[in-house]
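Residues 0 to 186, numbered by numbering that gives the first Met the number 0, are exactly what the sequence shown covers, in order.
Calculated from the structure, these hints are not laboratory results.
Check before you lean on any hint, since a few could be wrong.
To be verified - Cut-off 27 Å, straight-line C-alpha distance, at most; resulting in silico cross-link-like pairs (BS3-like, lysine-lysine):
no.: 1; residue 1: 68; residue 2: 53
no.: 2; residue 1: 62; residue 2: 45
no.: 3; residue 1: 49; residue 2: 62
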Amino acid sequence: MEVEAVQQQRKGAHLKKRALKNKALGITFNEKDLTDYVTGFHKRKKKRRKEAQKQQNEALRRKRTEERKRRKLEREHVLNGGVPPPDEIDGDQEETEEQVESIAETKTYENDDLKVTVVTSEINPEDGSYPSERKEAAVIPPSVVSDKRQGVPISNKKSFKKVAKQRSRPRPSSKRDKKKGKKQGKK
Numbered sequence: 000m001e002v003e004a005v006q007q008q009r010k011g012a013h014l015k016k017r018a019l020k021n022k023a024l025g026i027t028f029n030e031k032d033l034t035d036y037v038t039g040f041h042k043r044k045k046k047r048r049k050e051a052q053k054q055q056n057e058a059l060r061r062k063r064t065e066e067r068k069r070r071k072l073e074r075e076h077v078l079n080g081g082v083p084p085p086d087e088i089d090g091d092q093e094e095t096e097e098q099v100e101s102i103a104e105t106k107t108y109e110n111d112d113l114k115v116t117v118v119t120s121e122i123n124p125e126d127g128s129y130p131s132e133r134k135e136a137a138v139i140p141p142s143v144v145s146d147k148r149q150g151v152p153i154s155n156k157k158s159f160k161k162v163a164k165q166r167s168r169p170r171p172s173s174k175r176d177k178k179k180g181k182k183q184g185k186k
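All chains should be modelled from the sequences, with the hints used to inform the complete structure.
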């Protein structure tokens, strides 16, 4: 019963809107809080600018270091004659050795009259030429090789269209001759 009585009192204790509107506001003035609030806009703006500047500087610094690393690798690549530096070669050699072991094999095929042995192996990219090319290079006479080096330069420009030459006619020497025509008999 007591619970029901409490609920009825709450319902009966309804506050009117006018009473809420007429409530007095309490304002206290604190000068320190005011200055913090007013100057805070400028401070926060400065802080945002400073953070953005830091991020830009950091990005530029990272970019410069990446460029330095890239130039250093290119320089080493050129100094090694196009061969990757030794530290990179070690890792590559291990991989290629594994590949060579899996690729290199010998198979023999036999028919009634014919026996064929096939040897498969990896082509070494460091050699630059294949066995068949090496034999051909040895057979070529040196005179042919020297002719290739001293070849005539070829230009890709189109030649001008050739036009038949016109005969030149004798020009009159004076203005009067131009108008009336030069007389052939006089000198």
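- Message: To test your reading of the hints: which numbers does this structure violate?
- Response: none
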